[in-house]
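Novice: Protein chains in written order, with the numbering used here: chain R, 1 to 304; chain D, 1001 to 1436.
Please keep in mind that the hints were generated in silico from the structure rather than gathered at the bench.
A couple of the hints might just be wrong.
[What the hints assert, rightly or not] When the alpha-carbon atoms are kept at most 35 Å apart in a straight line, the in silico DSBU-like pairs for lysine-lysine are as follows:
(1) Lys181(R) - Lys1015(D)
(2) Lys211(R) - Lys92(R)
(3) Lys92(R) - Lys1427(D)
(4) Lys211(R) - Lys1427(D)
(5) Lys31(R) - Lys1223(D)
(6) Lys31(R) - Lys1003(D)
Because the structure is a prediction, the values reported are computed rather than measured.
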Amino acid sequence: MDMESLLELNQVVKDYGGVKAVDHVSFSVPKSCIVGLLGPNGAGKTSLIRIITGITQADSGKILLHGNNIYKIQDPSIGYMPEERGLYKKMKVGEQLVFLTRLRGLSKEDAERSVVGWMKKFEIESWWNKKIEELSKGMSQKVQFIATVSHRPRLIILDEPFSGLDPINTNLIKEEIIRLKNEGASILFSTHRMEQVEEMCEHIILINKGKVVLNGEVQAVRNEFKENLFEVKVENEFSPAPHPGFEFIPVNVQTFHIRISPQHNSNELLQYMIQQGAVIVSFNELLPSFNEIFIKTVNEKSHE
Amino acid sequence: MNKLGLIISREYLTKVKNWKFILTTLLTPLGFLIFFIVIGIIFSYEGDKKYTIAVINQSEMDLDFPSDNQRFQFVLSSSTLDSLKAQYERSEIDGIWVLPKFSGVEVLDYTCYFYSNKPLDIEHESKLERIMEKSIRHQKIKLLALDENQLKKLDTKVSIDPEPVSATEKDRSAHTIKIATVIGGAMGYVIFFIIFLYGASVMRSVADEKVNRVVELIISSAKPVELMLGKVIGVGLVGLTQILIWLVLLPIIYMVGLQLSGMDVQQLQEASQPMAQQAPMDQEELAVIIREIAGLNWLKIGVVFLLYFLGGYFLYASMFAAIGAATGDDMNDAQSLTIVVTIPILLAIYIMFQAIRLPDSGLAAFASYFPFFSPIVMPALLSFDPPWWKILLSLAILYGFCYAMIWVAGRIYRVGILMYGKKASWKEISKWILRA
Chain R
1 MDMESLLELN QVVKDYGGVK AVDHVSFSVP KSCIVGLLGP NGAGKTSLIR IITGITQADS
61 GKILLHGNNI YKIQDPSIGY MPEERGLYKK MKVGEQLVFL TRLRGLSKED AERSVVGWMK
121 KFEIESWWNK KIEELSKGMS QKVQFIATVS HRPRLIILDE PFSGLDPINT NLIKEEIIRL
181 KNEGASILFS THRMEQVEEM CEHIILINKG KVVLNGEVQA VRNEFKENLF EVKVENEFSP
241 APHPGFEFIP VNVQTFHIRI SPQHNSNELL QYMIQQGAVI VSFNELLPSF NEIFIKTVNE
301 KSHE
Chain D
1001 MNKLGLIISR EYLTKVKNWK FILTTLLTPL GFLIFFIVIG IIFSYEGDKK YTIAVINQSE
1061 MDLDFPSDNQ RFQFVLSSST LDSLKAQYER SEIDGIWVLP KFSGVEVLDY TCYFYSNKPL
1121 DIEHESKLER IMEKSIRHQK IKLLALDENQ LKKLDTKVSI DPEPVSATEK DRSAHTIKIA
1181 TVIGGAMGYV IFFIIFLYGA SVMRSVADEK VNRVVELIIS SAKPVELMLG KVIGVGLVGL
1241 TQILIWLVLL PIIYMVGLQL SGMDVQQLQE ASQPMAQQAP MDQEELAVII REIAGLNWLK
1301 IGVVFLLYFL GGYFLYASMF AAIGAATGDD MNDAQSLTIV VTIPILLAIY IMFQAIRLPD
1361 SGLAAFASYF PFFSPIVMPA LLSFDPPWWK ILLSLAILYG FCYAMIWVAG RIYRVGILMY
1421 GKKASWKEIS KWILRA
């Protein structure tokens, strides 16, 4: 197996009474990497995440963490934030975090040290003796995040981590995710929000109806989906003569989208335009957004 | 500490440190004491009114008025009924009691009349009747020329003292069965109470974790069965703690209560049991009873009681846990599911009362093996000294069944806790059990 991957899934299947929630899924999560798990509602994201976290077991297939069967590892180093957040309402913040951290296999002393560290970092040490029910929603989100990472997991799995978060907490957690990645952890998170994928992920896995339909590095996926489409803005009035290699699509008087045929390249386009009398203001490639890639892939696959 | 230990200690500590637990633990015995004292006072309450009654005695008998005239003041009147009636409104008299002529020993029914605008209450009426019955009895004894002392000799108290046939059997006193019934009933009742109270607490605790959604986080680090058993054991320990505290507190509060109320033990007992008009127990009888209680095989009773307590608690608490896992976000939904658990427990307690009345019946035999009933019924039968093989067989069935029930409950539990939203139907639950 690839020594660089932290988590590896191989032909994982989970059947719920005849419905394949997870259908022969294989992918790997590299070390020190942020991976986005995308898919429409009901695609099987949560089922897959629950299998990786050991909440449910796969019917068949292999799941390896550091090359070992994940179900055989005592306290696999995984941090998990479920989509349905929840903490013991009547328990005090400090007690609760120490309990959850110890449940992940840390000793009492280690757990306390780590929780104190995180609470200082988020500037919430003063909440140690507060009960969860006394906290606001934003406050308990911070506590929930600490509960996910306080045992220093190598693999952090976040199910829709930004849903219901206010902008301040969204930013805080984004920064923490990137910092944890830089410290060597891998983060697998599911989301609907494509701008977050573009902003944070290095790798994406798109699943639909339980199957992986797209899997790869963000840049590679984009290149795969690009249509050689460019946008050029000009200063003057410009009406080019038709050219067999370049398809001009006017957007308005001074903006054009141009599709270049495979035999030509962008330099040739620019040369042709200048020769035709264009005064160029800007030039850039139009890459498909992940939203488009997402919709395109899901629709294609479901019409197959 | 392993995970099960962690879960148990969390469950235990959060419950025990809760102010509600501390309050109910401390106040319940006090509440019971106050309750019984109030009940006693209510029942021992005597009307404070003193009746003044004019008596027109035409019976030609000596009347046998009670010596303490706290409730009645009798005034023998020589006036006629009409003149007394005329004075009634103005005078202090509450009623006019007319005793017609008594015609002799052949009379078996005697009716007298009470004239008043306010009818007598039942208690006072029966007191007057007793007075008259006594007077007539004396009159009849006199007329028949009988000797009062000889009459007393006619009454004999009969009791049956059971004796063993074979030499290996234990000799028992006449009180054995009564003592066994009381102790057995008490033990069955204690187990019933604990299962019901703490089983329901397990259910609430499970449903709470599900509604809070914290359960998903926990079972990503511990096995669902560990979480379920941790809960059952943790709540069980909370229950034991509470009972131990009560065992210590009850006698203290009892003594303090006695001091405060200024009553002595005798008075309190009288106050709390006015209905039981039992003859005062003589010293000898009391000694026999104490000897009998002390002579019971307490080690056997204690050990077996504990085994049934544990088996019964685990059996029912795991069922309660499964139900907690099957409830939806609205915990009130659980009502229709809990019936499955509450009906066998309630049946068990009724069967227990019948079984200690008829310990050799087929019902008692069946219930002492049937695992849903045996934890409550068998301890109740213990003081009847059933043979060891019966106890062991019953325990084996109970623990075997308990193991199976924990397995089934575990399967319902691990699926149920992740099914958010609506309460599960029985059809869904049976699917969860069968699902691999």
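Novice: Decide, hint by hint, whether the structure agrees.
Specialist: Outcome of the hint check:
1. For the suggested pair Lys181(R) and Lys1015(D), the alpha carbons sit about 39 Å apart, so the restraint of at most 35 Å is broken.
2. Restraint check: the Cα-Cα separation between Lys211(R) and Lys92(R) comes to about 42 Å, which exceeds 35 Å; the hinted pair is violated.
3. The suggested pairing of Lys92(R) with Lys1427(D) is violated, with an alpha-carbon distance near 39 Å, which exceeds 35 Å.
4. Between Lys211(R) and Lys1427(D) the alpha-carbon distance is near 30 Å, which keeps this suggested pair within the 35 Å criterion.
5. With a C-alpha separation of about 27 Å, the suggested pairing of Lys31(R) with Lys1223(D) holds against the 35 Å cut-off.
6. The straight-line distance between the Cα atoms of Lys31(R) and Lys1003(D) is roughly 29 Å, inside the 35 Å bound, and the hint therefore holds.
The structure does not agree with the numbered hints 1, 2, 3 stated previously, though it agrees with the rest.
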